[in-house]
Each structure stands twice: as structure tokens, then as C-alpha cells.
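Adding 1083 to a residue's 1-based position in the sequence shown gives its number in the working numbering.
It should be emphasised that the hints constitute simulated quantities derived from the structure, not laboratory data. Don't be surprised by glycine CBs; every beta carbon is placed ideally from N, CA and C. Take these hints with a grain of salt, some might be off.
To be verified - Pair ranges (Cβ atoms, derived):
1) PRO1244 / TYR1474: 24 to 34 Å
2) SER1525 / GLY1378: 23 to 33 Å
3) SER1385 / SER1274: 44 to 54 Å
4) GLY1601 / TRP1249: 19 to 29 Å
5) PRO1297 / ALA1387: 32 to 42 Å
6) HIS1219 / PRO1530: 50 to 60 Å
7) SER1443 / MET1296: 52 to 62 Å
8) SER1507 / ALA1387: 23 to 33 Å
What the hints assert, rightly or not - List of simulated lysine to aspartate or glutamate pairs, EDC-like, C-alpha gap at most 16 Å:
9) LYS1216 / ASP1193
10) LYS1168 / GLU1468
11) LYS1133 / GLU1529
12) LYS1377 / GLU1366
13) LYS1377 / GLU1322
14) LYS1216 / GLU1325
15) LYS1168 / GLU1239
16) LYS1216 / GLU1239
17) LYS1377 / GLU1325
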Amino acid sequence: MALLVPVVLATYVSLCAFASAIPPLPHIPAIGQRPLQLNPQSSLDNWLEKEEEIAIDNLLANVAPGGRNVRDAAPGSVIASPSRKHPNYYYQWVRDAAITTSTLVDLYADDPFDYLSSNLVTILDAYSSLQLKLQHTNNPSGTFADLSGLGEPKFEADGSPFTASWGRPQRDGPALRAITLMAYLQAYNASNPSLWTSDSGENWFKPFYSPEMPADSIIKADLEYVSHYWNSSGFDLWEEVEGLHFFTAMVQLRALREGAELARAFNDHGASAWYAEQASALERFLPSFWDSQKGHLVATLSSARSGLDCGLLLGSLHGTPSLNTTPASLTPLYPPHSDEVLVSLLALTRDQRARFPINSAPPPPPPSPADSDELAGVGIGRYPEDVYDGYGTAPAGGNPWFLCTSSAAEVAFRAAAHIRSAASLALSPRGMPFWEALLPASRRLEPGTVLTPRDEVFGEVVERLRGLGEEFLAVVRRHADGEGALSEQFDRVTGFERGARDLTWSYGAFLQAVRARGRV
């Protein structure tokens, strides 16, 4: 239990009082009022530094308490977008909220004692309190009594159930919420270790994890749901296809592995063994998503689609801890540096470069010879067959998404950081298409070779991965508007922003990519 954290869940009243002390954030005009940043003058480094501040500000604007765009939302709400019509994204999705809150946990962990973190604790405690309430709210997916209600994908901004027709259940939300709150326990414990030894420490922990059954604590309930429903079909993260999905399986595996460790720390040994057993079964199942004929992972089993999907990148990123501190026993099957994820990134990049006209436009400055191949950074959409254009369906199909493009950058950065930290790179036949596309044709690579820092090409691999990540971020820069706002999508032909404005996940994905860049 020494690895965990005592956290005080603030009451509704105290949260509202504390929220009033959070200074208001400046107003950002609507998308139509803001020019596209077609010819940015500053360097990428300077732009990233400024955009990081803008992204944090705009993300927090969509989070209660304190967010300027969510005055009527329940404390702890994370709204997908302030857009209330064309399209209406003014809801709190369990998945999106957990992913966004995970970004806030990372910001808090970076420096628990700065001014931002003092406000983040209020938000994180409010999020935790609200999730406990949402778990117990009856909804169209079910109830808390048998935990079926935990598969409900979204709720109204005030915390009431969303009752209209929707793609439900979605089984990734409980896993992502458990991951986020377990990370919060770790981060808070690191900055407040003395609280663990206090007499009231047990009461602080109890809302998060308590061994009692039936499960009535937030993380315990989510882990019970994941452990019993991971092999049941549900809708994918894009809320369109029912089946078994790579993204869902990856985050479920991480939740169960980390949950087994958490349960052991609370002397909940029976649960720890059960979660570990289910994690092992899930790990044996995950290779089903590798398609040897296609040469890449597939997003959904037995699907008529190609299988290429931004969800493959997202599953790897959110199914893998961002720091290289994970014990070997908890290392996921398909981390961002794995051959399977990298060749899937290659295949998706090839498709998207040819699919969207905006990706064929020469970006400023002109690409170097090393960047002129098919692996140069481009705008990445959700999947090749997408027909959602941000407002409805269209024959021309979908568009690149900011969150997918930033996530492609994060994959490249995290792969570079891992390879440099490991000080070796084993070239396998499965990964060769990626490495051959990454490096100039003059570099002769042979499967079975193990590269080390003594090899000149080793440093070139790390640097080229970093460069690739920056190319993806340069695409984000090019299509962000003149004030740094990020919507959901940018138009496949014109490059202008489309879809829900100020998408919270767009900012979170960008911030995670920038954090990963800083580790290379």
C-alpha cells in the first residue's frame, strides 16, 4: 500500500466554493472568426511552446469546475466540446473524459507544487466524485447493481443520463477511468507521502479502492466490470461498429494488470489473482488482431473494413504507460515501439497521404530528400472508409483529425525515446517495411541485425523518428487557426477547421505528443 495515495474527495459544496477562486479564462472567438495559420513565421519550437500554453488553457475551459465554457456543467465534468449544435458535443463521454483527465494527471505529476497543479487537484477530486455518482446512475445500458450500467458511453453535462438512441454499450470507458484514477493515486502519493501514515488515511482511500464486495468503490467497480466483460462485444471508440476492438482490448489489459498490482497493495489478494488471470487470458487473445496477410494490425475482428484505423495508434498509446518505469512483467504486448504498431502506422500514413488532397500540398518549407518518401508526416484521419465530415455523412468521406495526427507524432516520439533508452534496436522481418521506409534507400538494413549506439545508423534511426514526429506536429501547426485553436477535424481539400470547435481531446492529444517529444 505504500505506493498508493490518500485522496480527499471534496464535497460538492466545497468544490463549488473552490471553483469560484479559479480565475476566469480569456474568451476565444468562434472558428469562423479566426484565420488559418497558412504561413506561420515562427520556428516549430517557438510555436510549440506557445501552443502548449494555449492548449492547456483551452482544455481547461471545457472542464468543470472553473472552465469558462462549462458554467452549467456539474463539477468534475469534462465536456467533449463547447459546440452545442452542428454538431452537438456538449456531453461528457466516459472515454474522452478519462483520457483528458489522464492528461491533467500527467501535468499534475510533472510539478505537483506549482500554481496550475493546485487548481488541478480541485478538478481531479471533482472528477473522481462525479465518476462515483455516474457509476451509480441508472442509464440505458443498465444499473450499478450488476455493473452493466458502467458500459454507458456518455452522460449529460449536468450528470444526468443520456437516454436517446446510441451505440451502446462501450466497454473501454471503465478501463480508461480505472487507469486514470490509479495514475492519480500514484501521483498524489508521490507529492503527499505523509498523508498515508495518518489515522484517517483509510477513509481517504476508500472511495477509490476498497476490497469489499459487492464492489462499491470507483476503481474496484471498474476493474470488476472489465474483468467480467472484456470478452463481450461492444461498440468501438468511434461509436459505429459493434464487435471486439483492438483499442478496447489494449486499455482493458493495462487496467487489469495495474489493477492486480493495486489490489495486492490493498491486501485484496483474491481480486488481484482474478485480475491477473483475466489479464493473461486477454494477452493471449490480443494477437488475434494481427493480420499477417495485410501486414498490419486490424482495429476490429471480423470487420468488412480494411482494419487500418487511428484507433490502433490510440490503443497502443493509452494501453502503454508513458514513462519507462513499468516493470517488465507489465510491459504491454503492442507498445508504440513495437514492430506491429510501427508497420500499422506506416500503412495508415500511406493510405492517408494518398486519400486526402491536402496531404499532397507541399508544406512550407519544402521537404528534404530524406523526407520525400511515403513516411513523411501527413494529416491522419480516423480510418480509410470514414464518411463523417464533422457535421454529417458525405460521399467524399472523412477528413484528417487533429487528435489522430498528434497521436501519430506521439507514437514516433515514444518509439524514439524507447530505442534510445534501451540502447538497442533488433530488426525483425515483421518490422522491416517500417525501417526501410523510415531511412533513405542508401541505408542497407538486414533482418536479424541488432543496432546499438556504436552503429552510425542507430543515431540516425532515433533522429529520423524524432523528425517524423515533428513532421506530424508541423501538420497540426499548419492547420491550427491563427489563435491556436484546435477543432475536431480539418478539411481534406482546403485545410480549414471543421467539426466540433475546441475539441477537448484534440488539445489533450497535442499536449501528450509535446510531452513525448520532450523525452527524446
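Does the Cβ pair SER1507, ALA1387 satisfy 23 to 33 Å?
-> Violated - the Cβ-Cβ distance for SER1507 and ALA1387, about 40 Å, lies outside 23 to 33 Å.
Given the hint that LYS1377 pairs with GLU1322, does the C-alpha gap stay at or below 16 Å?
-> Violated, at roughly 24 Å.
SER1443 and MET1296, beta-carbon distance inside 52 to 62 Å?
-> The hinted range 52 to 62 Å holds for SER1443 and MET1296, with Cβ atoms some 57 Å apart.
Could you grab the alpha-carbon distance between LYS1216 and GLU1239 and see if it respects the 16 Å cut-off?
-> 13 Å, holds
Per the hint of 19 to 29 Å, is the separation of the Cβ atoms of GLY1601 and TRP1249 within bounds?
-> For GLY1601 and TRP1249 the Cβ distance comes to about 38 Å; the hint is violated.
Holds or violated: LYS1133 with GLU1529, Cα cutoff 16 Å?
-> Outside the cut-off at roughly 42 Å; violated.
Regarding PRO1297 and ALA1387, is the given constraint of 32 to 42 Å on their beta-carbon distance met?
-> 40 Å, holds
Compare the distance between the alpha carbons of LYS1168 and GLU1468 with 16 Å, and conclude whether the hinted pair is satisfied.
-> Not OK: LYS1168 and GLU1468 at ~25 Å, beyond 16 Å, violated.
Are PRO1244 and TYR1474 spaced within 24 to 34 Å by their CB atoms?
-> For TYR1474 against PRO1244, whose Cβ atoms are near 26 Å apart, the range 24 to 34 Å holds.
LYS1216 paired with GLU1325 [C-alpha distance capped at 16 Å] | 27 Å, violated
LYS1377 and GLU1366: Cα distance at most 16 Å?
-> 21 Å, violated
Holds or violated: 50 to 60 Å for the Cβ distance of HIS1219 and PRO1530?
-> For HIS1219 and PRO1530 the Cβ distance comes to about 54 Å; the hint holds.
Against the hints set out earlier in the document, violations occur for numbers 4, 8, 9, 10, 11, 12, 13, 14 and 17.
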